[in-house]
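Number of protein chains: 2
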Amino acid sequence: MSDTASYTRNERTTPTRYRDRATWERDAIHAILDAAYVCHLGFVANGTPVVLPTIFARVGDRLYVHGSTGSRPMRGAADEGMPVCVTVTLVDGLVLTKSAFNHSVNFRSVVAQGIAQQVTDPEELAVALDALVDHSIPGRSGEVRRPNAKELAKTAVVRLVLDEVSAKTRADGADDDEEDLDLPYWAGVIPVSTVYGTPEPHESSTGELPAHLQNFRR
Amino acid sequence: MSDTASYTRNERTTPTRYRDRATWERDAIHAILDAAYVCHLGFVANGTPVVLPTIFARVGDRLYVHGSTGSRPMRGAADEGMPVCVTVTLVDGLVLTKSAFNHSVNFRSVVAQGIAQQVTDPEELAVALDALVDHSIPGRSGEVRRPNAKELAKTAVVRLVLDEVSAKTRADGADDDEEDLDLPYWAGVIPVSTVYGTPEPHESSTGELPAHLQNFRR
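Line by line, the protein sequences are chains A and B. Okay, so the first sequence: first residue is 1 according to the UniProt record's numbering, each after it adds one. Okay, so the second sequence: first residue is 1 according to the UniProt record's numbering, each after it adds one.
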C-alpha cells in the first residue's frame, strides 16, 4: 500500500480496454466505493472461479467483508490468506446509439485485487463490524444492539488492503460514428438511479423513525 | 444441461449458508436473469480471480456476454473454453433489525458456473448480438443499424450453457431474536428499487421518442 494520491498501477490493474476510462486515484476510488454497499467477491475454489454478492465496508485503505465462519471465502482466508477480487459496480445510465455496436452503459466501477486476510484483532474486528453496518446505513451502528460473544463467534471478517485497485467510469452521451448520425434511429441516454422507499417498520418498532433514517438516501 | 424444470443440484451449486433461500428451478432462475442486465463475470487469470461487470443476455438456456476480441475473458474462451462464474444480483431492500447481527438485505441473485465457449457460428452470433441489445432495452435490436463486418470482427461473444446454476433470494421483513424485540431501536425494511429517468436525446435524434422507449422500464 502506498501513501500517495494514487494506488498501484501495473499490468494487473490496467484494463485491457478503454484505458482512458480508468483511474488509480485514491479519492476517486474511495468515492465510488462509498457510494456502493454491495460488492461482488471473487475467489477460486477447486481451480474454478466463484463470484458471490455481499455487503462490504471501507475504512481508510481497507475493505472489509464478512460472513459465517463456515462459509467458503471465510474459511479460505483464515490461514494464509486467499487471493480475491472485490468488484463494485454502479450503473448510471443506458447509452443508446444509432448503431448496435456503439451502445454502452454509463457506470462507475472499482476492481480491487489482493490477498484477503482474516481479521483476528478484537479492536479491528469491532471497527470493521460497525463499519459494515454504517457503510450501508450511515449512523446505524449507534442505534442497534451490538454483537454479543455468541454472535462474534459465528462471524468472520476478512480484510483486503487496497493497493492493486483501479476504477473505471463512463459518464457521457451517445457516441455514434460520424456516418451513422443521420440514420433515423433514436440515440441518447436513459438515466438509471437507485431509489430508497419509505421505511416500512416491523411491528416491534413502535416509536418514530429515528433521525438516521429520515430522508434516507445513500 | 437437463430438459427438466430444475437445473443441476450438486455441491458446487448448493450454497454453504441459508440453503432454504436457494432454488434450482428453471423458471425462477430465468425470471431473475431477465430482470437484470448487468452481471459480474468471474474468471481466473494467472491463478488469481478477476471479476468484471458486463452486460449479458439470456436465450433459452444460454447466457451470452460479449467483449472486444482482445479482452482477457474473450481471449481465454477462444480455444478450449474458460471456467467462469456469472453472477447476477438485484437488491430489493435493506433489512434493519434491533441487533447488528441480524441485519440483512432483500435480494435476488443467480450464480452460474461452467465453461464459457466462444460463439463462432454466424447465426448464433447474430442471435446473441441482438439479444445483448434487447435484454437491456426490449425491442431495441429492430431500431438500430445492426453490426457490419468490421464491427463483427472486433466483437467476441461467449456462451455459458446454464446447468450448474442456482438462485438465492430473500424477500422478508426484519427477523430479530425473540429477546431483542423490546429493545428501543427501529426495525423494518427500507425498500430499494431501480428507477429509469426520462430519456435524454442526443442532438442527432430529432424525431419523437420511439414506442420501445416510451414509459421505459425493465
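None of these hints come from the bench; they were simulated from the model. It is possible that some hints are incorrect.
[Stated by the list, open to error] Taking beta-carbon pairs under 7 angstroms as the criterion, some of the chain A residues facing chain B (in silico):
{"id": "1", "residue": "A36"}
{"id": "2", "residue": "R72"}
{"id": "3", "residue": "G76"}
{"id": "4", "residue": "S104"}
{"id": "5", "residue": "G173"}
{"id": "6", "residue": "A174"}
{"id": "7", "residue": "H202"}
{"id": "8", "residue": "T206"}
The beta carbon of each residue, even a glycine, is placed where N, CA and C say it ideally should be.
S104 of chain A as an interface hint toward chain B, with CB separation required under 7 angstroms: Hint violated; S104 of chain A Cβ to chain B Cβ min 9 angstroms, cut 7 angstroms.
Interface hint outcome for A36 of chain A [beta carbon to chain B under 7 angstroms]: Given a least distance of 10 angstroms, the restraint on A36 of chain A is violated.
Hint status (Cβ of A174 of chain A to nearest Cβ of chain B, threshold 7 angstroms): Where the cut-off is 7 angstroms and the nearest Cβ of chain B is about 4 angstroms from A174 of chain A, the hint holds.
R72 of chain A as chain B interface residue, shortest Cβ-Cβ below 7 angstroms: 6 angstroms, holds
Supplied contact hint for T206 of chain A, tested at 7 angstroms Cβ to chain B: 9 angstroms, violated
Chain B contact restraint for H202 of chain A - C-beta distance below 7 angstroms: Holds. Min distance 4 angstroms.
Chain B contact restraint on G173 of chain A - CB to CB distance below 7 angstroms: 6 angstroms, holds
Per-residue hint verdict: G76 of chain A, partner chain B, C-beta under 7 angstroms: With a closest approach of 11 angstroms, the G76 of chain A hint is violated.
In summary, the structure is inconsistent with hints 1, 3, 4, 8 from the numbered list given earlier, while agreeing with the others.
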